[in-house]
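Peer 1: From just these sequences and the hints, can you work out the full model?
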Amino acid sequence: MGARRLILLVQLPIPPAGMEPVRGNVPLAAGYLKLMARRRGLREQFEIEIFPPRLAGTLGDSALVEAILEYRPWLVGFTCYLWNVERTLCLARRLKERDPSLQVLLGGPEISADNAWVLGDAAVDYAAIGEGEQTFVELLQGLASDGVGAIAGLWSRSRPQPAPRPTLANLDEVSSPYLEQIIDAADEQLLLLETVRGCVFKCKFCYYPKSYTRLAYLSPPQILANLQHAAQQQVREVVLLDPTLNQRPDFPAFLELLAQANPQHAFTYFAELRAEGITPHTAALLRRANFTEVEVGLQSVAPEAQHHMARKNHLRAFERGVHALCERPLRARTSEGRRMVESARQRGCLLGAMLQMRTERHYRIARQAVEEGIVGNLLRAHTIATWCRNEAYYRSAAWRGTWAGEGGGVLMNQAPHHLDIFCWLAGMPCRVNAQIRTRYHQIEVEDEAFALLEYPNGAHGYLYVNVNEVPPTRYFEIVGEAGKVVIDGEQVTVTRIVPPIPQYMHEAQDMWELPAAQPVATELPEAVTGHEAVIRNFARVLTGTEHRLIAPGEEALRSLELANAIILSAKREKPVSLPLDGEEYDSLLAELRSASQAKPVAQEIRRTDPNIARAVCLEQSVQE
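Under our numbering, think of the first position of the sequence shown as 1, with each following residue one higher.
No wet-lab data here; the hints were simulated from the structure.
The beta carbon of each residue, even a glycine, is placed where N, CA and C say it ideally should be.
Incorrect hints may appear among the rest.
[What the hints assert, rightly or not] Computed beta-carbon distance windows for the label pairs:
hint : residue 1 : residue 2 : range
1    : TYR207    : GLN491    : 41 to 51 Å
2    : VAL520    : GLY120    : 57 to 67 Å
3    : GLU532    : GLU490    : 14 to 24 Å
4    : LEU542    : GLN234    : 32 to 42 Å
5    : ARG39     : SER158    : 25 to 35 Å
Peer 2: Structure (structure tokens):
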């Protein structure tokens with residue numbers, strides 16, 4: 001090989017929501033590759049450049065293509081994540097159209113042996129599966145000599161089934177792109193630091209542990225050197241990239257080391273960890289080191305969810321008293337939900353539910369009308385909610401559409417928020433007569449449900465939900481003796497009946513006279529909505545600055561009980577009274593689950609929303 005060939009390493013950012021440049025796109029993986037190649041003596045054969053993150057976060061697609069080609073690269077390597085892989089392939093195709101001789105190498109978390117969608121793209125020449133540093137170096141060594149032979153972890157069209165890539169023995173081998181001036185921490189005032197690779201946990205929702213059979217550590221001297229560099233560069237935050245920070249056996253001593261390196265709290269730390277493993281002592285050490293935020297990952301207090309996902313918790317710690325904010329539904333069975341609510345009550349713990357639709361303006365207006373007595377005694381309640389889900393949706397995961405995996409269909413997956421709003425506005429019925437069926441899908445559970453409801457005061461209701469319609473419908477009608485609330489989509493209408501119906505019936509003199517239907521002003525101040533509102537409220541109730549949860553656990557139990565009652569009524573072909581007989585429903589669900597058929601293992605769906613993919617591949621003429 002004559003003149004040095006240029007290798008350009010590119011990492012595209014998270015797709016921007018607007019026109020502002022994207023921040024935080026630190027090409028750490030590219031820094032590792034360049035550092036490893038430098039240490040293996042490949043500088044004489046290859047010039048390795050990292051595409052400036054500022055340009056990657058600013059330029060549109062056409063401008064990116066031009067900027068990349070200006071380097072006149074011989075090979076372009078892309079780091080692929082969930083958020084950039086589709087745009088990466090789009091750019092790779094366009095680069096190949098302009099320069100068919102250009103070689104394209106992909107690496108990163110999205111590149112795995114079973115990702116046929118990526119590996120099948122004609123623009124891809126090579127793909128590094130698993131850790132990429134050693135694979136990258138061996139590829140360059142092959143390209144610099146007689147040719148590329150079989151390399152562990154390297155996919156190519158001629159060798160589509162490479163041997164697994166052994167992982168690094170320790171992380172000192174790639175530490176540190178910052179210390180070697182390959183990446184400038186001052187650019188983003190942010191330093192990314194891996195102190196461990198690998199994870200002792202094997203949660204089934206996480207792909208990461210599949211690549212590792214052992215843990216690799218960064219030595220304490222290298223940790224300190226990186227943190228001292230962070231202080232010198234006046235970074236604001238050090239992000240620890242360890243998959244589970246407190247999996248390491250020396251966790252308290254490690255926190256002491258982090259505190260030692262940050263005595264003046266010149267920067268903050270961020271990490272991911274398992275919350276149930278934190279003790280008062282380690283919590284104090286986290287504070288001392290200046291951790292201001294941690295992520296705790298996916299959580300569940302449902303034993304069946306923990307079993308399916310192999311994500312078990314230390315339940316005795318929870319029994320001692322842990323406040324919980326749960327997703328909907330609380331559980332699959334009302335009996336389990338009741339036990340959760342009672343357990344929280346006995347231990348004086350908060351139990352909240354992520355029922356964020358309660359925070360949306362139109363539903364808050366409707367609730368206010370009910371609470372202020374504008375509606376009056378209930379006469380009838382009516383609701384329709386529809387979604388659309390196709391067979392590809394149900395094939396996307398083995399648990400979807402099964403009694404064993406979900407414990408129900410539309411009632412347990414799509415409708416819980418809607419059922420909650422219905423109960424929140426109309427109250428709980430006392431009797432349910434329902435039918436469910438599977439109309440269009442090859443699934444065990446229902447894709448359509450409808451129910452006639454009776455209320456304690458003699459009022460009646462009707463509820464209909466399905467996943468078979470386009471466009472979706474969101475409709476509520478709550479009619480009382482004194483008024484009426486109608487919600488159609490995000491539009492809400494509140495009407496006051498003057499005089500109320502009972503009074504009108506007895507006092508009206510003219511047989512054709514009707515009571516007045518007076519529109520009621522529906523103004524409410526703007527407020528934070530969605531998940532943020534529920535989380536803020538939960539935190540404030542914990543700290544005593546607010547006194548009531550938006551969605552307490554006992555209220556979240558209502559929508560679960562109603563869903564269970566509809567299924568029980570339909571399956572047993574009889575009316576069901578509420579409160580629900582929990583044992584009867586448990587028996588039914590056990591029957592359904594025992595007959596549940598295992599689905600063929602579904603291929604993991606890796607593609608992002610196709611609308612996002614199309615959007616990021618469009619010409620951005622304003623930017624360019």
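Peer 1: Check the following: the C-beta atoms of ARG39 and SER158 are separated by a distance inside 25 to 35 Å.
Peer 2: Holds, at about 29 Å.
Peer 1: Does the Cβ pair TYR207, GLN491 satisfy 41 to 51 Å?
Peer 2: At roughly 42 Å between Cβ atoms, GLN491 and TYR207 fall inside 41 to 51 Å, so the hint holds.
Peer 1: Would you say the C-beta atoms of GLU532 and GLU490 sit inside 14 to 24 Å of each other?
Peer 2: holds (18 Å)
Peer 1: Does the Cβ distance between VAL520 and GLY120 fall inside 57 to 67 Å?
Peer 2: Because 59 Å falls inside the window, the suggested range holds.
Peer 1: Could you see if the CB distance from LEU542 to GLN234 stays within 32 to 42 Å?
Peer 2: Since LEU542 and GLN234 have Cβ atoms about 34 Å apart, the given range 32 to 42 Å holds.
The structure is consistent with each of the numbered hints, conforming to all of them.
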